[in-house]
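Chemist: Sequence:
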Amino acid sequence: MLYIFDLGNVIVDIDFNRVLGAWSDFSRVPLATLKQNFTMGEAFHQHERGEISDEAFAEAMCHEMDLPLSYEQFAHGWQAVFVALRPEVVDTMNKLREQGHRVVVLSNTNRLHTTFWPDEYPQIQAAADKIYLSQEMGMRKPEARIYQAVLQAEGFSASDTVFFDDNADNIEGANQLGITSILVTGKETIPNYFAKQLC
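Using this note's numbering, the final residue of the sequence shown is 219, and nothing's skipped along the way.
Since the hints were derived computationally from the structure, they do not count as laboratory data.
Warning: the hint list may mix true and false statements.
Straight-line Cα separation of at most 30 Å, DSS-like style, residue types lysine-lysine; simulated pairs [said to hold, decoys possible]: (1) Lys-216 <-> Lys-115; (2) Lys-150 <-> Lys-216; (3) Lys-207 <-> Lys-150; (4) Lys-115 <-> Lys-150; (5) Lys-115 <-> Lys-207; (6) Lys-55 <-> Lys-207.
Here are the computed distance ranges between Cβ atoms for each label pair [claimed, not checked]: (7) Glu-92 <-> Lys-207: 30 to 40 Å; (8) Asp-86 <-> Phe-136: 19 to 29 Å; (9) Ser-90 <-> Asn-195: 41 to 51 Å.
Nothing here was measured: the structure is a model prediction, and the numbers come from that model.
All C-beta atoms in this analysis are idealised placements derived from N, C-alpha and C, irrespective of residue type, glycine included.
Produce the entire structure from the sequences given, and follow the hints as far as they go.
Modeler: So, in structure tokens, the structure goes:
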């Protein structure tokens, strides 16, 4: 079997409120204002596809949110999204590989974040056979082509694949291709899924 794991809120806890909190501290713009103005719009999607640079992304976001930040301040806040590794998921990934399954990560991410998390959480790289990143592939979930590209690269059919993600749109996109897709709603989702498989 091929098991595909998303990164944020699947393998690593993330929290965008931490990003906004850091930006608020740097800029003195009230947190409530930032929460109101923060959207994952076109610049966000372009950045995840690797279509614009980190600097262009920072400039666009600061412009959209009326945020007076230097690039360094923006980047520092952007990395605050990462909270902590979910060790039980890393353990599951390692066990699946020991059992002879193929385990990969498929993440909508961006170059700026990849300067941080691989060094911060080396356990992820160690637990995965391969890591697929949206900005390197030039496409992002829930686009059908990103799932098709992973299946093709891995040599698996949709029917032999299980996908875990915390975003309902991404789950729907994979479901439409016939991939067994599990919406991760909390830390217990993945352990519970595999406990049921073993019953």
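Chemist: Now tell me, hint by hint, if it's right for this structure.
Modeler: Right, here's what the structure says about each hint:
1. Among the hinted pairs, Lys-216 with Lys-115 is consistent with the structure: their alpha-carbon atoms are about 16 Å apart, no more than 30 Å.
2. Pair hint Lys-150 plus Lys-216 holds up; C-alpha atoms about 26 Å apart against a cutoff of 30 Å.
3. Between Lys-207 and Lys-150 the CA atoms are separated by roughly 23 Å; this keeps the pair inside 30 Å, and the hint holds.
4. With a C-alpha separation of about 16 Å, the suggested pairing of Lys-115 with Lys-150 holds against the 30 Å cut-off.
5. For the given pair, Lys-115 sits about 17 Å from Lys-207 by alpha-carbon distance, which is consistent with the 30 Å threshold.
6. The straight-line distance between the Cα atoms of Lys-55 and Lys-207 is roughly 25 Å, inside the 30 Å bound, and the hint therefore holds.
7. In this structure the hint that Glu-92 and Lys-207 lie 30 to 40 Å apart at CB holds, the actual value being about 33 Å.
8. The hint said 19 to 29 Å for the Cβ distance between Asp-86 and Phe-136, and at roughly 26 Å that hint holds.
9. Distance hint for Ser-90 and Asn-195: a CB-CB separation of about 42 Å, consistent with the stated range 41 to 51 Å.
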